[in-house]
Amino acid sequence: MDLLLTQLATGLALGSIYVIVGLGLSLIFGMLHVVNFAHGAFFMVGGYVGVFVFAKTGNFWFSLVAVPLVVGVIGMAVERVLIRPLYGRNIDDPLLLTFGLSYIFVEVIRITFGLEGIPFGTPRELRGAVDIGVGFIPLYRIFLVALTAAILIALWLFLEKTSYGLIVRAGARDPEIVRVLGIDISRVWLFVFGLGTGIAGLAGFLSAPIQSVNPDMGVPVLAEAFVVTVVGGMGSLVGSVVAGLLVGVVVSITSLFAPDMARVSIFILMAVVLLVRPQGLFGRKGAMG
Amino acid sequence: MLSLKDINAWYGLSHVVQGISLDVRPGEVAAILGRNGAGKTTLLRTIMGLIDRRSGIVEFDGTDIMQMPIHERYHRGLAYVPEDRRIVPGLSVRENLRLGFVGLRAKAEEEAVIAEACETFPRLRQRLDQEGVTLSGGEQQMLAIARALVAKPRMILLDEPSEGIMPVLIDEMYELFKRWKQQGLSVILVEQDVERALEVADRAYIVDQGRIIFAGTAKMLLNDREMQERYCSV
Ligand SMILES: Nc1ncnc2c1ncn2[C@@H]1O[C@H](COP(=O)(O)OP(=O)(O)O)[C@@H](O)[C@H]1O
Ligand SMILES: [Mg+2]
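For the protein sequence lines, the chains are W and B, in the order given.
Position 107 of the first sequence, counted from 1, bears residue number 1318 in our numbering, the numbering being contiguous throughout.
Position 168 of the second sequence, counted from 1, bears residue number 580 in our numbering, the numbering being contiguous throughout.
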């Protein structure tokens, strides 16, 4: 029983990564209607940026702030130069573009840093384990859950309490009236793409101590992020949170009983949800909230 | 104030607005009438830059705004209340009103703006925290107008404001339009209800199959029963 509970806690920590990745994907889809196939690549780039910045500065906290900023700026450049010309065209166009882009990112990283993964140890401040009553779990995983909670609260405050957040929510529902009311929505799209990719990069860096950083680390993450957004409901932020945690828990509980099934289990979860609720747990058409 | 010169608009290959020219002077109410499908909504959307395939000149205060980014029109004092009102789902009445000024360069005071909107439309006061789309059709129309007024526009384009609304509320709305005239706000009023529109309009235009087939004073059209019946009945 205690084993199950510690595994549950581990699942929540793992789920935190999924929540962050899924949120970015969902934000971008809900707002821009772009299915971002490069999301896993931004995740991977975040891992490398983090490891690189950490190697230069030796400061984990500084790296933690630098990663989303650097990756977000890369994301904004991509939106501005490559994706913007495709708005108003078929939804497949940005999808194919980001798909191709993900290969370019992976190759650039391979050429620059090599095929081998780069191991990244847990930062010194976050080593060790904590007794949560039913067993010990690594401090780093608790940190992940806490950081995710902080990001969620910040995002919620931003969306619900600020004028810019109001524009983002309105723009997801009805971009035309937002323009008619004097708002330059292309700037909002730019910002949201930067935000979504920036937090994907952050998730990549956060997962570095759990897995090594390697050029292909974004591939499974992309699939998992899609499962999260589909299970939660495309474009629903609450859905991403619930589904991310759910996916994390399902993976970690399955790996306790049937380790071989762990990777497949999330797709089974997705299939079941789609059969029962095709729009996802919190899905509404074109919704955000 | 607003001067349209040879405006054309297309949906794919269908040429929906075919060379419309007209002028609206400061403080004037211009009624644009005509049957369903005549091209009135498309004309307003073309002025706002919302139709991709378009040509012609839209002069607002002496500048051609045709190629300007959509949002710039609002900053110049041109507001638009679309036919379907476009109250944003998921946003409260208050948030819909806030949307009217968050994009303005000079930031408005939220409380003052809300108070002013409630003074103009007292029905909104009780419902500020309700989701906008749960209001009745007439209240949504009022919210849409109030939202467009936040920017203190110099000209407002209204697309069938009385459509599907209780007569009492239509009366209230038309009282407001009359007050606008005193304040010097210019209006383009697209309407199905010819008699109502001619009550406030200075000039009237009838559009048929994308062309203007009547242009004159409201009084002239009011006296021309035949014209009204032939081109304006639904
Ligand atoms: N989005 C659209 N795509 C294609 N045709 C349209 C579209 N909207 C309107 N139309 C057509 O354009 C013509 C003019 O429509 P509209 O401007 O809405 O007329 P009105 O507002 O006078 O009723 C109609 O024949 C209508 O069927
Ligand atoms: Mg119409």
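To be clear, the hints were calculated from the coordinates, so they are not data collected in a lab.
Hints may contain errors.
Some chain W residues judged to face chain B by a derived CB distance under 8 Å, without partners named [stated by the list, open to error]:
#1 LEU1306
#2 LEU1308
#3 GLY1393
#4 ASP1395
Small disclaimer: the values here were computed from a predicted structure and weren't measured.
All C-beta atoms, glycine included, are put in the ideal place defined by N, C-alpha and C.
Status of each hint after checking the structure:
1. LEU1306: Violated, about 22 Å.
2. LEU1308: Check failed: Cβ of LEU1308/W comes no nearer than 21 Å to chain B, outside 8 Å.
3. GLY1393: Status holds, d = 3 Å.
4. ASP1395: The hint holds - ASP1395/W has a Cβ within 8 Å of chain B, the shortest such distance being about 5 Å.
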